[in-house]
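Engineer: As given, the protein sequences belong to chains A and B, one line each in that order. The first sequence finishes on residue 263 if you use my numbering, and the numbering steps up by one all the way, no holes. The second sequence finishes on residue 272 if you use my numbering, and the numbering steps up by one all the way, no holes.
It is worth saying that the hints were derived from the structure and are not from the lab. Some clues are possibly wrong.
[What the hints assert, rightly or not] Once the Cα atoms are required to be at most 20 angstroms apart in a straight line, the calculated DMTMM-like pairs of lysine to aspartate or glutamate come out as:
hint : chain 1 : residue 1 : chain 2 : residue 2
1    : B       : Lys175    : A       : Asp169
2    : B       : Lys175    : A       : Asp88
3    : B       : Lys184    : A       : Asp122
4    : B       : Lys184    : A       : Asp127
5    : B       : Lys179    : A       : Asp111
Okay, here's what each chain looks like letter by letter:
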Amino acid sequence: MKPYELRGISKNFGDLEVIAEFSASFEPSSVTAILGPSGCGKTTLLNIIAGILSPCEGSTGDFPSASFSYSFQEPRLLPWLSSKDNLLFALSGIQDKKIRDERAQRFLVHSGLADFSTTKPPQLSGGMKRRLSLARAFAYPSDVLLLDEAFSAVDLKLRIELMDLFSLLWREEKRTTIIVTHDVQDALYLADQVLVLSSRPARLVDKLTVPVARENRRYGSRELIDLEERLYRQILS
Amino acid sequence: MRHSDPDLSGPRAKTMLYRRFAAGILGVGLSVALWQLLSVMIGSSLIFPGPAEVVGGLRILLASPSFWKAVIGSMERVLLSFILSIGIGTLTGISSGLNPWIRDSLAPLITTIRATPVLALILVAMFWLPSTGVPIFSAFLMAYPIMHTSAYTGVVLADKDLLEMASVFKVPPKVKFLKLRLPAARGHFLAGAKNALGLCWKVVVAGEVLSQPRFGLGTGLQDARLSLETSTVLAWAAATVFLCGISEFALGVLAKKEGGAREGVAN
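Required output: the full structure, derived from the provided sequences and hints.
Structural biologist: Shown next, in the form of structure tokens:
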């Protein structure tokens, strides 16, 4: 399978230039983290990849023919449906009811929400909603998985829990994954490849490969301190 | 790890409930006192009867079988016009929300109906329909734009983020409509239904006053007016207000019960 590619992507909103000539390649079954300061255009880039927005210039390669799962910045759950029904809602395009049920149940179990399958989102804690959103993204059988700050705005313990859940679910079905984050340590904990964006308009300023296998990494480990310093330097410059 | 809901049965909630109840009783008491005072000042039960006379008139009405026939007759008309306005209003409102072409082609009709004075409508309907049909038709036409607009607003104002999520996951249109758009429209729909029900009562009774079906609250009102029985007119009016209040309350309880079963729907 050939890599997904973005070539010369630019995006403006009126006079506001958000992304400038962004090009990158995403290996199949790999995890890429797009790192950049807040408000630099990372979500816009993810929305262009997902086809929610169109670029002003450039090519999105094979992305338009791919199917996507998306874990948004906010969980975006239907408050009137139970946890399981939220998963089934996302899976409703699958014809076979057995497959839908099996996938929904499996990913509820994996995400530790099996006991809450009939609970509705307003009765779930913030962390559980995030887990459900992540489970929904994994339960949907897509070619590409997109995660937009899926681990932010929660405390460190919960963040690590969510990232470990991500790794666990990802091992189940290794999909081409693009994670948007502003956190250097999150990027180094999860990604095979890290792309660094400048502040707006977002340009690719650095690209690195994480040399340690994901299963051997520890959050905030000093093994990757050189890479961490390099990334911080890039972002702060 | 569940979030705790606000304790609606706690002592604080109970105190609030008592306070609201006491304020309501106080409001009623003050209004009755003011009514009595005005009645004494005016000094004519033909022009302005006091509360005791109206209660007396109401007691006589309650004992009369024709009153209950009138209540049943009016309730049937209200129910029929309400169901019609809900059914057709929801259908056209949702269709307009989903299809701009339908919205634009229905807009002149809705605006015309909305701007038509209720009396003009009743008078015109009297040329076309039998006396029992006039109140139903008029109330339906008055309540219909409310239900249409409520259903339309509910569909149009569905959460854009949720719709975007559904698009990314390629949720089929039918499922998106049934599980996202319809439940999201529930709050607007219920608010519209409550307004429509109140309006149906008012218009049905007004229609009955003019069209004079055999049994109806409006017929009773008009008969009492012609006999110059002001206290009985007010008694009929009080019965109408009470029935309207009861039916709105019943609708609210039904909505709450259904909302509790669905839990989490924003009203």
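Engineer: Hint by hint, note whether the structure agrees.
Structural biologist: These are the hints, each one checked on the structure:
| no. | hint | verdict |
| --- | --- | --- |
| 1 | Lys175(B) <-> Asp169(A) | holds (13 angstroms) |
| 2 | Lys175(B) <-> Asp88(A) | holds (18 angstroms) |
| 3 | Lys184(B) <-> Asp122(A) | holds (19 angstroms) |
| 4 | Lys184(B) <-> Asp127(A) | holds (17 angstroms) |
| 5 | Lys179(B) <-> Asp111(A) | holds (16 angstroms) |
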